[in-house]
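Peer 1: Chains as they are written, first to last, in my numbering: chain A, 1 to 379; chain B, 1001 to 1379; chain C, 2001 to 2392; chain D, 3001 to 3392.
Just so you know, the hints here were simulated from the structure itself, not pulled from any lab data.
The beta carbon of each residue, even a glycine, is placed where N, CA and C say it ideally should be.
Among the clues, some could well be false.
As the list claims (entries may be wrong) - Mimicking EDC-like on lysine to aspartate or glutamate, the simulated pairs with C-alpha atoms at most 16 Å apart in a straight line are:
(1) LYS2052/C to GLU2027/C
(2) LYS3282/D to ASP2182/C
(3) LYS3387/D to GLU261/A
(4) LYS2272/C to ASP136/A
(5) LYS2140/C to ASP2087/C
(6) LYS2004/C to ASP1305/B
(7) LYS1267/B to ASP3120/D
(8) LYS2109/C to GLU2177/C
(9) LYS3051/D to ASP3120/D
(10) LYS267/A to ASP2135/C
(11) LYS3197/D to GLU3214/D
(12) LYS3061/D to ASP3135/D
(13) LYS3004/D to ASP305/A
(14) LYS2272/C to GLU133/A
(15) LYS2282/C to ASP3286/D
(16) LYS3387/D to ASP285/A
(17) LYS2387/C to GLU1261/B
(18) LYS3004/D to ASP4/A
(19) LYS2140/C to GLU2177/C
(20) LYS3179/D to ASP3135/D
(21) LYS3272/D to ASP1305/B
(22) LYS1142/B to GLU1261/B
(23) LYS3140/D to GLU3027/D
(24) LYS2004/C to ASP1004/B
(25) LYS3237/D to ASP3252/D
(26) LYS3039/D to GLU3027/D
(27) LYS2004/C to ASP1285/B
(28) LYS2047/C to ASP2121/C
(29) LYS1258/B to ASP1310/B
(30) LYS2387/C to ASP1285/B
(31) LYS3004/D to ASP285/A
(32) LYS142/A to GLU220/A
Said to hold, decoys possible - Taking CB as the label site, the calculated pair distances span:
(33) THR1046/B to VAL3144/D: 53 to 61 Å
(34) ASN227/A to GLN2029/C: 45 to 53 Å
(35) GLY10/A to GLN2029/C: 55 to 63 Å
(36) PRO3200/D to GLY1174/B: 47 to 55 Å
What the hints assert, rightly or not - Cβ-to-Cβ under 10 Å is the rule here; a few derived chain B residues that face chain D:
(37) THR1028
(38) ILE1032
(39) GLU1127
(40) ARG1131
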Amino acid sequence: MNFDFTEEQGMLRDSVARYIQDSYDFDTRRSIAASPEGMSHEHWQTFAELGWLSVPFAEEHGGFGGSPVDIMLVMEELGKGIVLEPYLATVVLFGGLLERGGSAAQQAELIPRIIEGSCQGAFAYLERQSRHELADITTTAKAQGDGYQINGEKVVVFNGANADYVIVSARTSGEQSATDGITLLLVPTDAAGVERVSYRLMDGQVVSNIVFNNVEVPAESVIGAENGGYTLINGVVTIATIALAAEALGIMGQLNAKTLEYTKTRKQFGVAIGSFQALQHRMVDTFMAYEQTKSLLYRAVCELDGQGDDIAACIHALKVMVDRSGRLIFGEAIQLHGGMGITDELDIGHYAKRLMMINTTFGDGDYHQAQFNQLRYAG
Amino acid sequence: MNFDFTEEQGMLRDSVARYIQDSYDFDTRRSIAASPEGMSHEHWQTFAELGWLSVPFAEEHGGFGGSPVDIMLVMEELGKGIVLEPYLATVVLFGGLLERGGSAAQQAELIPRIIEGSCQGAFAYLERQSRHELADITTTAKAQGDGYQINGEKVVVFNGANADYVIVSARTSGEQSATDGITLLLVPTDAAGVERVSYRLMDGQVVSNIVFNNVEVPAESVIGAENGGYTLINGVVTIATIALAAEALGIMGQLNAKTLEYTKTRKQFGVAIGSFQALQHRMVDTFMAYEQTKSLLYRAVCELDGQGDDIAACIHALKVMVDRSGRLIFGEAIQLHGGMGITDELDIGHYAKRLMMINTTFGDGDYHQAQFNQLRYAG
Amino acid sequence: MDTKFAPEDLAFREEVRAFFDEAYDEELQSRFKDLTTFKDAVIEWQKRLYKKGWIAPGWPKEYGGTGWNATQKFIYETERSAAGVRDVIPFGLNMVGPVIYSFGTEEQKERFLPRILSSDDWWCQGYSETGAGSDLASLKTRAVREGDEYVVSGAKIWTSYAQYADWIFCLVRTNSEGKKQDGISFLLIDMHSPGIKVNPIVSIDNHHSLNEVEFNDVRVPVANLIGEQDKGWTYAKALLAHERTAIAGVPDSKRSLTEIRSFAAREVNGGKSLLSDPLFQKRLSDIEIELMALEFTELRVLASVASGGAPGAESSLLKIKGTEMQQAVQELRMDLAAYYQGVLPNELSAEQLGHEFGSQARQTYMYGRASTIYGGSNEVQKNIIAKAVLGL
Amino acid sequence: MDTKFAPEDLAFREEVRAFFDEAYDEELQSRFKDLTTFKDAVIEWQKRLYKKGWIAPGWPKEYGGTGWNATQKFIYETERSAAGVRDVIPFGLNMVGPVIYSFGTEEQKERFLPRILSSDDWWCQGYSETGAGSDLASLKTRAVREGDEYVVSGAKIWTSYAQYADWIFCLVRTNSEGKKQDGISFLLIDMHSPGIKVNPIVSIDNHHSLNEVEFNDVRVPVANLIGEQDKGWTYAKALLAHERTAIAGVPDSKRSLTEIRSFAAREVNGGKSLLSDPLFQKRLSDIEIELMALEFTELRVLASVASGGAPGAESSLLKIKGTEMQQAVQELRMDLAAYYQGVLPNELSAEQLGHEFGSQARQTYMYGRASTIYGGSNEVQKNIIAKAVLGL
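Extracted from the complex, chain A is given alone in its bound form:
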């Protein structure tokens, strides 16, 4: 039992940390956020060169063969810089689905391109009505000739605007919210009948609503088995949740550090506000919330390949904790920064907005607590 990282993991983490420190300051981030695509292809290319895009992929496709721990380390550092580039969408979600369910041909074609930075992907899973239910799908894929015809609409697709391919969850059988009958299909975004409307979110990313209007794809487009998409979704969302939690942890660490620093320098009533005991005790609370979140993240990562049979409960718990700690930490960060905390100019609010967006992605704390309760106490 140990919580140390391997030398290789340490190097990976340092590489990301150094880059964020040296090349991704808040002004850089601000100008990327203002760009039409909400990301920088130049930075993305550097990510590829530094090997970060290869982390989770098998060595046979040119990957680093990394574990969830490696993903966690990268995401935590990216969080510290509130990096806008679509690591989650392209590498963790899109790449993760290919790695888990893609055919040999799909993998051989696309994974090397992800790694070299020349292929952007997205996972289109949300619909207008679905809220936090991943299985609530009305988009249909009907068998037609030697393939499928897709109809429906997906919303808030991360990286949808920049994606070359999108993996779409569609219903091939079953009722609206059934976990059976979901099929994942790989669709080039330039296919006939694909219409994207893109817009920007509060955290700077550009997302899309994507309408599929009689879109035709060949049978080889299926990722995994027909009607067997839900297991794949569940697996990749588990890793993605850990990735998001790690990103959130990086953000929380930054918020705590910046707030602590501010209270040491900001003077009111003749003294640094950090000398007020009531504020000190609240900063102890945010410190504890950070440490507790880190512990649960570590627990989830260990549970993934450990002997535990309780990964689902652990992921729900983690999402609850990230939500609570995040709200507490960004709330105190804004409050203790006073007037400055509510300006767009200061980075604090931008860290907060990214945390808020993380909280609502793949289900918020309340949703996951209800799921946790169902899993642990029902029946």
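Let chain A serve as the given structure and place chains B, C and D on it in line with the hints.
Peer 2: Quick look at chains B, C and D alone, frame taken from chain A:
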């Protein structure tokens, strides 16, 4: 619109307050609590002489003709002294049921005796399985000859040990938890087949489990209408909840005042602990909790005879608030008193125990919040 | 103890409802939502209230107030909020107006009060400074007397709607000796004066309502000084307790909660509405129960003011609890929007997006973080209670 | 990063389970519950552990420790708790024992350690004083050296089980000059010495485990001084961080939560079990999720200690969160009992009463309020973190 009390109400309140101050100090209370009956007949007699036992009753029976506001004022002051005498059980519950549902004969016989202090009463409503559901009743009353035969057991009957009469809720028809089919019956505690086992609770009161074993009572023993008991129960429990909330408010005020006083005198690290800002802010929280509880109590009292149609919601809300504020306030009181706070010797813990007992009487905060939610948001 | 409404109160309530129903029309409401028409719409609405004679419920009748008793004021505010009618911009009507009629000269009253009532002048507030924060009295903007004028230099910050304002009321330092609360003066400054520069501040909700106001040797006639020089803190303080009471905003929070309930009834997850979800219900009732209490806490404070008291430290309780509840309401509303909270305003129409209120819910939530900071941060309010009420 | 158990760890776990299963028998358990047999039962259980060689997992092997690694300690503690096996009385084994083997003379080690391990001596702790509270170092009990003896006078308070104790380890003042932390000495005092008087304190749970211990010119041989005179604070401090880590009690809280779940499944309100009530579930998972995290926080601290670090201010986090969770668990259990929480112990049998655990749940809850007070109040722990970790 005003929140002033009438001159008469002010005098009533001052009368109780002065008595507690002068004749019911903590040592007096401690010795009464240690007595077999858990109450003092001598003090009770004085209550009668001072007219407090007459407060809610109609003038035709020799009562004061008071309103719920008067009950509230008396109970708040009794709370300040954590008075053990069974004002709630005899005057508010037993007397209240007689006043609301008793026949002219029952009222004429018993109310004057309550007022003069010569009749003790109790309301037996709880059963082993009932928890917070007032309608969950398995005790039965079967019509037999010119009366009823009662069988069953009631538990945790307040003042059961001292009561001359007990009003028992029994099922005359309907399913176990149906609100229809409940009948209230007046039973002398010396009737054949009534068996009492009495015991003491943490707040010093002596309560009883009462077994009714083929107890026979005449038809005139019914309070209100046969099968119509639930409405009466509901009505009297509403007033009793206000009375308990007022008692709780009195206790909370004492706890806050004593804690504040202690932090002004107790020195640590060379200064009064009340000078620590973190503690100050927490005492502001307990101050606010007290004020909010008072507001909701006033609201409930006003709602009782006002134009509002929302008394049930208000009572649920009040019970939730009393529970939360109570826990916060006694929790901080104990914590800020440090080691002394957890001794039996100090009064703080005894105030806390009475608050705890109030919280669980007629349903705790969680129960009432669920009821509130059902009433306000369901359907 | 009595909270019944008399028949004349009920009649008054009908009149208020009828007026709002007619005067606060949809065309007007739509103009509030558009930044290009916002200012004119505010002025027009306030002029309608002025015409009705209801623009200044808090003012004494002699200066143009309504002469309402506490019950009428309560009814008016409750109905305003229930009808979703926006409150007036407070800087002229609720802030500087009362200072002028309480402490101003006859000439100042004649000159300023009518134009405040008619909304012909738009006022803003010049209290905060970068270095001062909640320690308001440590302000540094300086006014030096030269003949019949003060020369003002320095800067104020967090000034709402300075970009629209004709006038600003300012606390300025006229004396640096002695306690920091001494030596502060209360000045009325024409925003069109040379030397004033308004720098916009974009806030966390991506909105521009806040500003920095720079004063570069701005010349202000001595006639614009309120009361005595160096005594401005006294006048400002009288105002602050009133401001805190108003900040509680209970009726608006109640209204928002009602709206949330109807949204939650329509928002579905896994086939069930959020309103039927016990955990969501708990969050709702946690707030609703506190608000039920706070409404009566406010009534108790108002009743004690009506019977001759002044809102003292209790107003700090209203400020703390009121803003906590506002934020809780805002948070609940935002959570209801799930991922749609992320959408920026004006990016897509509700139709294209598939959602109505997410963007606005987030903006309200984010800007709402300021409510526990401004008007004296909630931490400072707790210090006030600890000192003034608890004697610590 | 790895939390897998190796095969030898799994084998160890089996051994631990088997031992508890056999040695912690029901007859013994019943004797813990009765005050008249409590002391003997504790000693007997500890002697069984001693015989097995497992009495002191935290001690170095040379002094009689188990020589377990961090994983084995973790497994042992987890299994102990899961099996509902009570922890050893800490004062000898976890408190004074480590001080003696770390700072004592050879003679002290030989004299005291074996009897601590074998539970032939019952120890208690003499730190707190009435006037000092969490400001431990301001203690006033005085020891004046006279020849080969110290003469001790003063009083200690909140001394658990002093009524059973053979020895007490005390912090006493030997010098009043300089900083209050200087001039404190660490003395081992025979409880059977003339001049010692034990005054029982009944606590809020109606139980007697706490005491005041008076010292009236008690004569203590200088040979019973640990380390140097006036340097006792250093030895005591080393102990405090260990104490805080132990206080977290995560395994016990987890076990209690499991028990609550089974109680809640049987407790019915309006035809539905409490366990199926969403609001009750929420309270359960609020705690369970924090405990899942805290378990790993503790592992992280232990891992850092195992790799050479000392438990520093992080142990304060464990103390704060651990005791908060204990109290939350205790509260939930008590609420489950509804009005039966009110019953006093020994009033009625469970059968007569109609309820099993109410009285005990309340007692645990009430005495549990002390956990955020003792061992340095949680407020003091927050001060420690603010200073040592946050640099405030």
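Peer 1: Are the hints correct? Go through all of them and say.
Peer 2: Each hint, compared with the structure:
no. : hint                               : verdict
1   : LYS2052/C to GLU2027/C             : 19 Å, violated
2   : LYS3282/D to ASP2182/C             : 53 Å, violated
3   : LYS3387/D to GLU261/A              : 14 Å, holds
4   : LYS2272/C to ASP136/A              : 12 Å, holds
5   : LYS2140/C to ASP2087/C             : 32 Å, violated
6   : LYS2004/C to ASP1305/B             : 9 Å, holds
7   : LYS1267/B to ASP3120/D             : 40 Å, violated
8   : LYS2109/C to GLU2177/C             : 31 Å, violated
9   : LYS3051/D to ASP3120/D             : 13 Å, holds
10  : LYS267/A to ASP2135/C              : 9 Å, holds
11  : LYS3197/D to GLU3214/D             : 5 Å, holds
12  : LYS3061/D to ASP3135/D             : 35 Å, violated
13  : LYS3004/D to ASP305/A              : 9 Å, holds
14  : LYS2272/C to GLU133/A              : 11 Å, holds
15  : LYS2282/C to ASP3286/D             : 14 Å, holds
16  : LYS3387/D to ASP285/A              : 14 Å, holds
17  : LYS2387/C to GLU1261/B             : 14 Å, holds
18  : LYS3004/D to ASP4/A                : 13 Å, holds
19  : LYS2140/C to GLU2177/C             : 13 Å, holds
20  : LYS3179/D to ASP3135/D             : 13 Å, holds
21  : LYS3272/D to ASP1305/B             : 34 Å, violated
22  : LYS1142/B to GLU1261/B             : 58 Å, violated
23  : LYS3140/D to GLU3027/D             : 44 Å, violated
24  : LYS2004/C to ASP1004/B             : 13 Å, holds
25  : LYS3237/D to ASP3252/D             : 26 Å, violated
26  : LYS3039/D to GLU3027/D             : 14 Å, holds
27  : LYS2004/C to ASP1285/B             : 31 Å, violated
28  : LYS2047/C to ASP2121/C             : 12 Å, holds
29  : LYS1258/B to ASP1310/B             : 36 Å, violated
30  : LYS2387/C to ASP1285/B             : 14 Å, holds
31  : LYS3004/D to ASP285/A              : 31 Å, violated
32  : LYS142/A to GLU220/A               : 14 Å, holds
33  : THR1046/B to VAL3144/D: 53 to 61 Å : 56 Å, holds
34  : ASN227/A to GLN2029/C: 45 to 53 Å  : 50 Å, holds
35  : GLY10/A to GLN2029/C: 55 to 63 Å   : 59 Å, holds
36  : PRO3200/D to GLY1174/B: 47 to 55 Å : 54 Å, holds
37  : THR1028                            : 19 Å, violated
38  : ILE1032                            : 16 Å, violated
39  : GLU1127                            : 8 Å, holds
40  : ARG1131                            : 4 Å, holds
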